[in-house]
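Build the full structure now, drawing on both the sequences and the hints.
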Amino acid sequence: MKHTQGKSSIESIRHSLAHLLAMAVLKIFPQAKLGIGPTIESGFYYDFELPRPISEADLGQFEQTMRELVGQKLDFKGGKVTPAKARGIFKSQPFKLDLIKEFVKEKKQLTVYRTGPKAKGQRTKDEGGFLDLCRGGHVKNTSEINPDAFKLAKIAGAYWRGDEKNPQLTRIYGAAFETKKELDHYLWQQEEAKRRDHRTLGERLKLFTFADEVGPGLPLWLPNGTIIRDEIERYAKKIEQEWGYQRVTTPHIAKEALYRMSGHFPYYAESMFPPMELDDGNYYLKAMNCPHTHLIYKAEPRSYRDLPIRYAEYGTLYRYERSGTLAGLLRTRGFTQNDAHIYCRLDQAEDEFLKVMQLHEFWYRKVFGITDFYMRLSLPAKDKKKFAGTPKEWTETVAIIRRAMQRSGLPFAEAEGEAAFYGPKVDFQIKSVIGREETASTNQLDFLATKRFNLTYRDHDGKNKPVYVIHRAPLGSHERFIAFLIEHYAGAFPLWLAPIQVAILSVSERAAAYAREVEKTLRGADLRVLFDNSGETIGKKIRLAELQKIPYLLIIGEREAAAKTVAVRQHAKGDTGQMPLAKFFDIIKPSCVPPGVHYP
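In the working numbering, the protein residues as written are 930 to 1529.
Don't take each hint at face value.
[Said to hold, decoys possible] So the derived label-pair ranges between C-beta atoms look like this:
| no. | residue 1 | residue 2 | range |
| --- | --- | --- | --- |
| 1 | 1449 | 1181 | 19 to 27 Å |
| 2 | 1002 | 1328 | 47 to 55 Å |
| 3 | 1445 | 1180 | 39 to 47 Å |
[Said to hold, decoys possible] Subject to a maximum C-alpha distance of 30 Å in a straight line, what follows is the list of computed DSSO-like cross-link-like pairs (lysine-lysine):
| no. | residue 1 | residue 2 |
| --- | --- | --- |
| 4 | 1009 | 1030 |
| 5 | 1083 | 962 |
| 6 | 1502 | 1449 |
| 7 | 1227 | 1284 |
| 8 | 1123 | 1080 |
| 9 | 1083 | 1123 |
| 10 | 956 | 1002 |
| 11 | 1449 | 1135 |
| 12 | 1123 | 1135 |
| 13 | 1135 | 1354 |
| 14 | 1036 | 1080 |
| 15 | 1036 | 1002 |
| 16 | 1166 | 1478 |
| 17 | 1469 | 1502 |
| 18 | 1360 | 1394 |
| 19 | 1227 | 1036 |
| 20 | 1360 | 1392 |
| 21 | 1094 | 1110 |
| 22 | 1034 | 1002 |
| 23 | 1006 | 1069 |
| 24 | 1321 | 1354 |
| 25 | 1394 | 1380 |
| 26 | 1518 | 1167 |
| 27 | 956 | 1109 |
| 28 | 1295 | 1123 |
| 29 | 1167 | 1135 |
| 30 | 1184 | 1034 |
| 31 | 1080 | 1034 |
| 32 | 962 | 1069 |
| 33 | 1392 | 1227 |
| 34 | 1518 | 1135 |
| 35 | 1036 | 962 |
| 36 | 1295 | 1069 |
Because the hints were derived from the structure by calculation, they are not lab data. For each residue, glycine too, the CB sits at the ideal point set by N, CA and C.
Set out below in structure tokens:
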């Protein structure tokens, strides 16, 4: 079939395909009840109440029907309708009637779109074809859709309006792009994402686990995973010291009064765990570090000569997340955050924010090799009731951040309505090699803390002036960032981060004595070593070590023992040859620390 796609946007194509999916489902299940069918980042979905359960085996039939509809070169036409007319059109569709009721209550205009021509003999323009309650935004004709560039992807359950009290519908997802090449790449990404899923790899590589006895969303780090956490934290502390940070430590709980002082009540109370009632009032598990750190700043008088002051902490936080939103390490109820707060003068704020962005770039690009990232500046919504402070303060802080972002030379976008209640924020969005995007870090310029905590400094004229506070966390939480890294590296961590860096595999018992000497030498050089002297064949030992994604394997047989050498095999690359142990050290030494960090 020749593809005659015009200049329609991908959004219009996806929206139109959602209608074609509904048509295909109705052709097979005429009594199906229709929910909603919006577009999403990679395609579209549509919710249905069906007379029987379906499986992914049914998707092929729906997909074939959709392609037939595309080939019929059907027009999309629509327009405004009255509530009475809309109720008449959708009288047998309860979910559409529910939407009509809501739109009327909110005084929204109703529009109905028809796909395909009216049947022969029909007299009114509203009869015939497929009619759907819809805001519009379609192709003019299905000939503009590439029939080879979409695919029905999966089935899921979804409660109507996301409410568990409502009926559960069947949600059918579809992927759609402008070209088959884009679709094929997306499908490859999805398969690769399954292979790299951090939950699967976390179990296979023995990094972390969860236990019902502890509770959902509260990960237990196993020895291998703890090594990764500790290595990242060790180098973060070293790097932050070089960048002028001082380390502080704060408790895991605090009085309710502290969070009222900070203003997190009432904005954040529902995300905190219930209070612990003690004899001197209510205490809460710490959901954020900043109020605690502000009190450290207040612990002594500050001069303009002292600023900026940069306090860093690996603080463990606890936030209540609904069970249905928890997702392995990506969304947890307990996590340890690479946090810091910078206290500075107004004239220092722009330069300090720029340095924060440069530190992010150092970590992502230099240390972890993450090159696909951008910043998202979140601005206040038009409804200012949800945001503290005055318009002047918001304007001033947004201008400071925007200038710093422009000076950084890093890509950024802006989004309205996502700011923190106490100031605009900048999220660093990072993408893995398979295209998964995560918010790695959130950074704010806070003008409200100085008022609530009376954070000041003595200026050169002897007057007390307010400080500005920058909240920053380049690596976000250990949990989320490590989940990202597991998938980004597919579990094959760089040498400095790998839980086991070198596996020593002895071929026979006669070579074991020399292999133990090699093990002792490697451990003496602070390398993390596994010595496999089991009775398994060398082939099986290699396969098991490869499955654990250990960066280097040293295979030692009688020949190596006699020559005092090692046979080196690198993960995913194969044999690199036989060499003296000293030469092996020379090869791996630069990789034993993160890129950009000097070897001790």
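For each hint, the structure was consulted:
Range check, residue 1449 to residue 1181: about 40 Å between beta-carbon atoms, so the 19 to 27 Å window is missed. For residue 1002 paired with residue 1328, a C-beta distance near 52 Å keeps the hint of 47 to 55 Å intact. Separated by about 46 Å at the C-beta atoms, residue 1445 and residue 1180 satisfy the suggested range of 39 to 47 Å. Using a Cα cut-off of 30 Å, the hinted pair residue 1009 and residue 1030 holds, with the two alpha carbons roughly 16 Å apart.
Note on residue 1083 and residue 962: the hinted pairing holds, with a Cα-Cα distance of about 19 Å set against a maximum of 30 Å. Distance hint between residue 1502 and residue 1449 is fulfilled; the C-alpha atoms sit about 26 Å from each other, no more than 30 Å. A hinted pair counts as satisfied when its Cα atoms are at most 30 Å apart, and residue 1227 with residue 1284 qualifies at roughly 24 Å. Annotation: proposed proximity of residue 1123 to residue 1080 holds, straight-line Cα distance about 18 Å (limit 30 Å).
For the given pair, residue 1083 sits about 14 Å from residue 1123 by alpha-carbon distance, which is consistent with the 30 Å threshold. About 18 Å separates the Cα atoms of residue 956 and residue 1002, which keeps this hinted pair within 30 Å; it holds. For the suggested pair residue 1449 and residue 1135, the alpha carbons sit about 25 Å apart, so the restraint of at most 30 Å is met. Simply put, residue 1123 and residue 1135 have alpha-carbon atoms about 18 Å apart, close enough for the 30 Å limit, and the pair holds.
Pair hint residue 1135 plus residue 1354 does not hold up; C-alpha atoms about 36 Å apart against a cutoff of 30 Å. Taken as a hint, the residue 1036 and residue 1080 pair is broken in the structure, with Cα atoms around 36 Å apart against an allowance of 30 Å. A hinted pair counts as satisfied when its Cα atoms are at most 30 Å apart, and residue 1036 with residue 1002 does not qualify at roughly 35 Å. Of the pairs offered as hints, the one joining residue 1166 and residue 1478 holds, with about 27 Å between alpha carbons and a cut-off of 30 Å not exceeded.
For the hint linking residue 1469 to residue 1502, the alpha-carbon distance of about 17 Å falls within 30 Å, and the restraint holds. The straight-line distance between the Cα atoms of residue 1360 and residue 1394 is roughly 41 Å, outside the 30 Å bound, and the hint therefore fails. For the hint pairing residue 1227 with residue 1036, the CA-to-CA distance comes to about 51 Å; that exceeds 30 Å, so the pair is violated. A hinted pair counts as satisfied when its Cα atoms are at most 30 Å apart, and residue 1360 with residue 1392 does not qualify at roughly 47 Å.
Proposed proximity of residue 1094 and residue 1110 is contradicted: the alpha carbons are some 42 Å apart, above 30 Å. For the proposed pair residue 1034 and residue 1002, the alpha carbon gap of about 37 Å is over 30 Å, so the pair is violated. Using a Cα cut-off of 30 Å, the hinted pair residue 1006 and residue 1069 holds, with the two alpha carbons roughly 7 Å apart. The straight-line distance between the Cα atoms of residue 1321 and residue 1354 is roughly 17 Å, inside the 30 Å bound, and the hint therefore holds.
Under the criterion of a C-alpha separation no larger than 30 Å, the hint pairing residue 1394 with residue 1380 is consistent with the structure, at around 11 Å. A C-alpha spacing of about 19 Å is found between residue 1518 and residue 1167, which places the hinted pair at or below 30 Å, so the restraint holds. Pair hint residue 956 plus residue 1109 holds up; C-alpha atoms about 26 Å apart against a cutoff of 30 Å. A hinted pair counts as satisfied when its Cα atoms are at most 30 Å apart, and residue 1295 with residue 1123 qualifies at roughly 27 Å.
This hinted pair checks out: residue 1167 and residue 1135 have alpha carbons roughly 27 Å apart, not beyond 30 Å. Between residue 1184 and residue 1034, the direct Cα distance comes to roughly 43 Å. Violation of the 30 Å bound is thereby established for this hinted pair. Distance hint between residue 1080 and residue 1034 is unfulfilled; the C-alpha atoms sit about 37 Å from each other, more than 30 Å. Between residue 962 and residue 1069 the alpha-carbon distance is near 26 Å, which keeps this suggested pair within the 30 Å criterion.
For the hint linking residue 1392 to residue 1227, the alpha-carbon distance of about 17 Å falls within 30 Å, and the restraint holds. The straight-line distance between the Cα atoms of residue 1518 and residue 1135 is roughly 26 Å, inside the 30 Å bound, and the hint therefore holds. A distance of roughly 25 Å separates the Cα atoms of residue 1036 and residue 962; the hinted pair therefore holds under the 30 Å criterion. For the hint pairing residue 1295 with residue 1069, the CA-to-CA distance comes to about 48 Å; that exceeds 30 Å, so the pair is violated.
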